[in-house]
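Please model the entire structure based on the sequences and the hints provided.
Residue numbers (the working numbering), protein chains in the order written: chain A, 520 to 698; chain B, 12 to 814; chain C, 13 to 185; chain D, 2 to 450; chain E, 807 to 1061.
Everything labelled a hint here was simulated from the structure, so no lab data went into it. Certain hints may be false.
Straight-line alpha carbon distances no greater than 25 Å define the calculated SDA-like cross-link-like pairs of lysine to any residue that follow [to be verified]:
| hint | chain 1 | residue 1 | chain 2 | residue 2 |
| --- | --- | --- | --- | --- |
| 1 | D | K291 | D | A345 |
| 2 | C | K161 | A | G521 |
| 3 | B | K89 | A | P627 |
| 4 | E | K991 | A | A649 |
| 5 | A | K632 | B | L37 |
| 6 | A | K532 | C | L131 |
| 7 | D | K273 | D | L348 |
| 8 | A | K632 | B | S38 |
| 9 | D | K291 | D | T266 |
| 10 | B | K89 | A | R646 |
| 11 | C | K161 | C | G38 |
| 12 | A | K632 | B | G86 |
| 13 | A | K683 | E | D811 |
| 14 | A | K600 | B | H47 |
| 15 | A | K632 | B | F145 |
| 16 | E | K1022 | A | G676 |
| 17 | E | K970 | D | F49 |
| 18 | A | K632 | A | G676 |
| 19 | A | K683 | C | L89 |
| 20 | A | K632 | B | M36 |
| 21 | D | K291 | D | F269 |
| 22 | E | K1022 | A | I691 |
| 23 | A | K683 | C | G85 |
| 24 | B | K89 | E | D954 |
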Amino acid sequence: MGVSIVPTLRVLKPVGMIAGVGFVGLLVGYFANAAFFPGTTPVQPIEFSHTVHAGDYEIPCLYCHTQARRSPSAGVPSVNKCMGCHAIVATDSPLIREVARHYENDEPIPWIKVHDLPDFVHFPHNRHVAAGLECQECHGPVETMDRVTRMAPNEMGQCLTCHKDMEVEHGIDCLTCHK
Amino acid sequence: MPNVDRRNFLKLVGAGGVGAGAGFMLSESRKHPVEHLVPYPVPPEEFSPGIATWYNSVCSMCSAGCGISVRTREGRAKKIEGNPAHPVSQGRLCALGQSGLQALYNPDRITGPLVRAGRRGEIEFDPTTWEESFAELANQLELMRTAGRGGGVALLTGGVRGHLASLLELFMGWLGSDQLLHYDFNHPATLYAANERFFGESNLPYYDIENSRYVLSFGADFIGHWLSPVHHGLGFGRSRQARDGDRGRFVQIEPRMSLTGAAADEWIAANPGTEGVLALGIARRIVDQGGYQGTDLDAWQAALDGYAPDAVAEQTGVLPDTVARLADSFAETQPGLAIGGGAPANHSNGVDALVAVNALNHLVGNIGVEGGVIFNPPPAFGPEASRHASLARMLELAEDARAGRIELLIVSNTNPVFNLPEASGFAEALADIPQIVSLSSFLDETTAHADLVLPSNTYLESWGDDTPSPGVGFRVGAVSQPVVEPLYDTRATGDIVLELAHRMGLDLAFPWPNMEEYLKYSWREVWSNGTPDPSIPDFDTFWTSVVRAGVWGDETRAPGGEFVPDAGVVEGIGVGAPEFAGAEGEFPYALHPYLSNGLHDGRGANLPWMQELPDALTGVVYGTWIELNPETADELGLSDGDVVAIESPAGAIEAPVLVYPAIMPGVVAMPIGQGHEEYGRYAEEHGVNPINVLAAETEPATGALAWAATRVRLVPTGGRADLVRVSGEARELGREIVQIADAGTPAAAVNAPAVAAAGAGAPGVRLASGARAAAGIDAPTAGAEAATANTRLNSIPITVVNT
Amino acid sequence: MASNALGLFGGPTAALAAAGKLKGAGFESLDLISPIPLHGVEEVLGKKTSVIKRFTFFGAIIGGLSGFVLAAGTAALYLHPTGGRPIITFPPFLIITYEMTILFGILATVLGFLISARLPVLRERIYVPESAVDKFAVTVACEADEDFKRATEILREAGAEEVSEIAPGGGRR
Amino acid sequence: MQRRHEDIKFADVNNDIVRSLVETGPRYYVTLAIAVLITLACFFFPWFYQLYYGIGAAGMNHPTVWGTYLASFIFWIGLSHSGTLLSCVLHITNSEWRKAMYRSAEAMTLFSLMVAAMMVMVHVGRPWFIHWALPYPNQMELWPNFRSPLMFDVMAITTYLTGSSIFIYMGSIPDFAAVRDRTTGWRHHMYVLLSLGWRGTDTEWHRLGWAYTFLAVLIIPLAVSVHSIVSWDFAMSIVPSLHQTIFAPYFVVGAIYSGTAGIVTVMFVLRKYMNFEHYITKVHFDNLGKLLLALSLIWTYINVVEVFTGWYSNDSAELESLRYKLFGFYAPLYWEMILFCAVAPLLLISKRFRTSFVPMLILSIAINIGMYTERFLIVGTSLSRQYLPDSWGVYVPSLVEISILVGSIAMFCTLFLIFVKIFPSVSIYEVKETLPAPDEGKTQWQATH
Amino acid sequence: MSLIDDFLARWHEYRRPGYYEEFDYHWTMTVDLDRCTGCEACVTACQAENNTPIVGEDAIARGRHMQWMRIERYWEGEYPDVKLRAIPMFCQHCDAAPCETVCPVSATYHNQDGLNAQIYNRCIGTRSCAVYCPYEVRYFNYNNHHWDEPLDQQLNPDVSVREKGVMEKCTFCIQRIRQAKDAAKDDGRRRVQDGEVQPACVQTCPTEALVFGDRKDPDSAVSQMLGNERAYTVLEELNTDPSVVYLKKVDADAA
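Written out as structure tokens, the structure reads:
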């Protein structure tokens, strides 16, 4: 007669394998979703291409997102602003016609927010522009994106790391962002 | 993988599948919900999301006429603060004024024109269009006008001033009707009458509390809601602690301690209605002690003959020593100020009592001097004669209605069905009026009787102007501008009237397309009458700067001239015994109704902030109670929460008892403001309306409702109702939470001037974000057409005066 | 041939006596398998020492240190001054230290127990199910057949109810 | 010392215990089903409602932000005290009578700790973020605040739960081995793993003995610290009548007191329904009764001291708080507590009382009701009468809270019911130690002493 | 390792009683009780500025009002010599705040401006801070609050709306303070000047009883108020060292 836990372990092996495979499946599913269906790259109502505007034509970010300089909110340009150029430029493109339709009907375009912070985070664009930050540091190389995607996690860790690196005065005080 | 049989293989595949699915869902659930960024198709010029724009305007929550600054973000009003440039509010604002936002954003606002669908008073309305309503109403008005029956139109409004009042006057004039009535429960009609009698001037004077060193107040709750509470508050604070080593003293005389009484250094309860007698007792003592040396001394002595200390003491219940002490210190401490209002002013002898108070000011030489009573100049614009309706006048209107003389009643911004005693029969009289049109923003008790509802904008969506009364001792005018676009399909009252006039074919008489144009037109006159200022070359500049500043006027008070009362007036001075409705034997307690701090006369009841604002003295929210002296409560065997029936000769209501330590034993007090049957979700089904048990007793000289002149009896019902209150134990138990210094302690005045300046000049964030506010100079709101942001222009035509 | 001799006894005294005799006969690799802990084993089979106390001691020390480092270190990583006290405040941190000392002490004791008792058993070891009920077994590892015979003899003499041979792989013969 | 039943044989012990594990009658299943249903209906359902609605489902309000959830938390933590702590103390002092009852007492510790942990989850406003109270690295770079008495609690309870689980497990290894040989199927595999391949050699016994003693030595101060720390959640505040130096010993004594009463209840139930009459005898009840009496006297003493010092201080806040407790809104509860916890236990002076099972059961339940009241009063009376009289208020528990309290008791029962079918609820080898050895007619303990 | 070196190098700082560094500002409010009338304009101002909810009659009846600022009322004496003492009570921003130490997740702490910060999104709702606070000025969200449309349009976008299960309290209008600091920075100034920032309650107080400012600035209005003989703090015996200083009410008739 003898005793050992090994036989039991053998018996339990299939259970362990099922659990293991299930766990691996969980990881695969999680990352597959994140990789193939990222909520971070929404399809906009009008396929505006930053590659064309900010990349090819090198229009500065603040030309359209002009509020970022003086307001906590960067804002998106009004249809009016689009038409400022597109009354003359590329007027026969179907996308531009769509924009023009909005303009004529006085209908706003419901852009989908890509970089969406929780409501309890108060991020002032103007302060960051004033500090000389490039838009790309948080928003990624938008000028290369046909469809804007959220590159950075925009989570607290990212804010903190930057605030620490830049030695922002009292930059890690919670009240800086949360109020 | 060794020895994986088919079964196990399937299990593994299943496990993998379930795991992957779970992982997928997990990842999905962590994604942000979609949010949209919706920009303007064409943004208003210089509109900046994320940056606040401030607009100056005028508060319309009560009749004080405080200047306000409204903070807006993305076209929505966010906060109301006092306009620092406005001499009445000087950047400050009371609770009710701040909750004006909830009038604007009230969920129970009427969102468009309504026409009655069911029977009167059943509150069944169908939506209709402005076009239809205007067409019909204008047609009816025009028919009546041309048929000479214009007199059958009655227009009943709240306390309106400025050019809207002029416009209504003009409109009614064209209709040929003199039934233009302003009804405001809190209107100090007796004070106007007393001033008319004593000063020969039917106007409110300026009470310079700030510079006064001794304030003797006969029932005037001037910090709570009397005349201009914010301005009085400023004066009170500064009289207390802003003068180095010279703390103003303040005595309040009233049967039930009000908010103001609680702030007083000394609170004295005189028998209800005998405050005037006390004033004359004090006057006599002053005269006796040689405090008055005028040429008409003899006349005074004669007039005050009947007010010997003992007689006064017997009538008022105030000890002769106290009377003497008050008189001596009042005479000694100059400048002093005697003011009267509240219950004594609204008693059967109200005018006499207020004349007596005026007399006190005269005897110690406080008329026209700093720290005393200062006369206001006539208002810069607006109708000359007051159209304020007394109870008697309202009864007349009701009588006219019953006699069929009123064919059409237009009600705007007033709620007489709620604010008039049931005994007046006003609500019943409405049934005899064939057509009732309400211009109210809310479905209140009066609007419930309407056949047609043409909802007006709130004041935050309308153009208007105002001349504050009692003002500040010099000319002030203020323009109120819309700070947001109208939320609903509603119109400004002025615009409705103008539209009606146009549709009636009165274009020539009313050439202005809208209220804004009418204001501009009218203010041209104000501008041309004003002192020329080289920095303001034309009217447009003037108008822009006035709208931006929100206020216009003089800077200094005119020196007061010598004042001598008419001999006849002196001769006629005297205060009779108060008369009550209800015999003392049958109705042992004098009912002392008072305006609630937050709900005012009931108009604040639909504002949730005001409903949840704990009563300043009892901490009760959402309810009505009856205050009893502990002694009275003991006699009746009542304690907090016991429900009693309050029965007067005119009616009965039920309310829970609240034992209140600072009320005379023979008096019971109830707050006005609750007991709405209509008026929206926040107002309905809370408390009772004590106005309903008031007898339709009038003050003989003015016909005003003597609301302090009803006696009641209390009948315990055996029921209990727990009062909702935020306070726990109301005694300190020796814990020294509120610590007391004796009078010898130096004032905090070291820096008071600095504080005062900061208070006047630095409202909240505005200065702090001055640069950015400046960027918003020309930012018209998402709202009104040419509304102009508040900015600190160098040429604001008025500066605050701290004389 | 290496095998194990097993003697089953009805009571602890006899089993102990047998073990004592075997020990006296020069058998070193003796195991006493019993349903209850036996008192007096050490007198018979010699003093046993264990490393558990060292585990406990060092575990506790490591726990205490890491407790303090955890509290003080995390406090220094993100500075949140509270209640007017210094960032590193001893009295509360000592409580954390105390708790962590005990936690690690306990965990280390368990680890020490498992190591010193050579648990869990992976490679099969000799076991007598009766010994978990009311029998007391003595097993002796024997290098040679000769030893085995000698051992079985001693066991029988000592009053074993049953004597058998157990192959190294298990299985009673 | 009273002799045990001479006729119990070693083999009987194994049989009895294995029978208690594998032979499960319908009565057990019905009881378990009822317990599970009550747990679901009275604990989890209201709790999920509360998660959805917010803590407002409970009756807590502005001055009294802590309520029955916290009272229950202390109660369960307190109940946990007599299991492992008492077991350790008795182990170290070599108390023979401990052996038949300690396993279930320790299980009580474990489960009341678990229920206490659940009460924390129920108590906090946002339990879905409760992990923020654990020190783990995260992208927010935020850590818990180790200066907080609540963090002491987190650490102490984690340690205590770990320690108690290990202690009960270590003591059970030989029993798992004994049961292993008698079971088949999934039970067998489970016991194989649980017993780790225990054989019962002299070396293993020796190591186990040492390890067990070390654990006992470590756990005694731990248990004392746990309830001291729970008391500090209150005593570290400056709330009048909570800010007391005596609170730590008061709580520890109270904990052991209620825990011991809890053991009496559990013993009664086990004895009655698991047919352990041979193992759990009058001796145990007698000894537990003596312990209870002693604890009751200490507890009463501390209460008297608290009232006396509070009264003597003559401080307005302290005095009011005391007055409110003794004569205020909750006064009936206070006097009920005094009756149950200070007066009634005096009956224990009588040996006849101590050795009668049903009266002991009633008393033990009464004591625990009284002790729950004590915890409730600590929270309720102090918080509703603090420094600013204007902020005073009254707290009355809501239905949800009462339901969750009932549900938590059911949850404890459920866990215990599951336990008795997995763990040998009476220690096989330790009971054998108290029996005469098969060949001697004397117990080992007697033989060596 | 640099982390450890850093830790050891700053050991002395970490051991400094009080704080690891000096405050930049020390925001302080003074309340002149001789001016305060208890009119509660401040209460509404606070409610409007800080999105404190409308809780409804039932909730208040259950003791769950949420106004961050309240007026406490105490009666003294009996009729006719009866007096009402009113005192505004709100977060005292204690330097030695009992609430801060007890929070297990550091959701409340003291920041470098001397503010007692409450970070709503970090709060897990143990409510221990409210127990530890002797001033009873922390308010707990017993449930999610609802603003009947369109009342929600009034909500201040600069202040988070709090969800169920978190504690909240007066912040000295941190959003205004930060805005003032930003403006100062934009102007190239190091510090905010006295009077540039006022919390909503101070801003609106009709009697100018409330004064707010930086205690570190010796010329500020509050600093001068602090020198007044009447200055005291509520529950001084508890050593919480509040940043709200009251000036005693003057009783002209007191001996």
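Quiz item: Does A649/A lie within 25 Å of K991/E when you go C-alpha to C-alpha?
Solution: holds (10 Å)
Quiz item: Within 25 Å, alpha carbon to alpha carbon, are K683/A and D811/E?
Solution: holds (18 Å)
Quiz item: Keeping to a limit of 25 Å between CA atoms, is the pair of K970/E and F49/D held or broken?
Solution: Judged against 25 Å, a Cα distance of about 14 Å means the pair holds.
Quiz item: Between K161/C and G521/A, is the straight-line Cα distance small enough, at 25 Å or below?
Solution: Within the cut-off at roughly 22 Å; holds.
Quiz item: Does F269/D lie within 25 Å of K291/D when you go C-alpha to C-alpha?
Solution: holds (16 Å)
Quiz item: Taking only the CA atoms, is the gap from K1022/E to G676/A under or equal to 25 Å?
Solution: Violated, at roughly 33 Å.
Quiz item: Does K273/D pair with L348/D here, judged by a C-alpha cut-off of 25 Å?
Solution: This hinted pair holds, its Cα atoms lying about 23 Å apart.
Quiz item: Would the pair K683/A and G85/C pass a check requiring their Cα atoms to be no farther apart than 25 Å?
Solution: holds (18 Å)
Exercise. Measure nothing beyond the straight line between the CA atoms of K632/A and M36/B; if it is 25 Å or shorter, mark the hint as holding.
Key: holds (22 Å)
Quiz item: Going straight from one Cα to the other, do K632/A and L37/B come out at no more than 25 Å?
Solution: holds (22 Å)
Quiz item: Going straight from one Cα to the other, do K89/B and R646/A come out at no more than 25 Å?
Solution: Cα-Cα ~23 Å, so holds.
Quiz item: Would the pair K291/D and T266/D pass a check requiring their Cα atoms to be no farther apart than 25 Å?
Solution: Judged against 25 Å, a Cα distance of about 15 Å means the pair holds.
The structure is inconsistent with the numbered hints 15, 16, although it conforms to all the rest.
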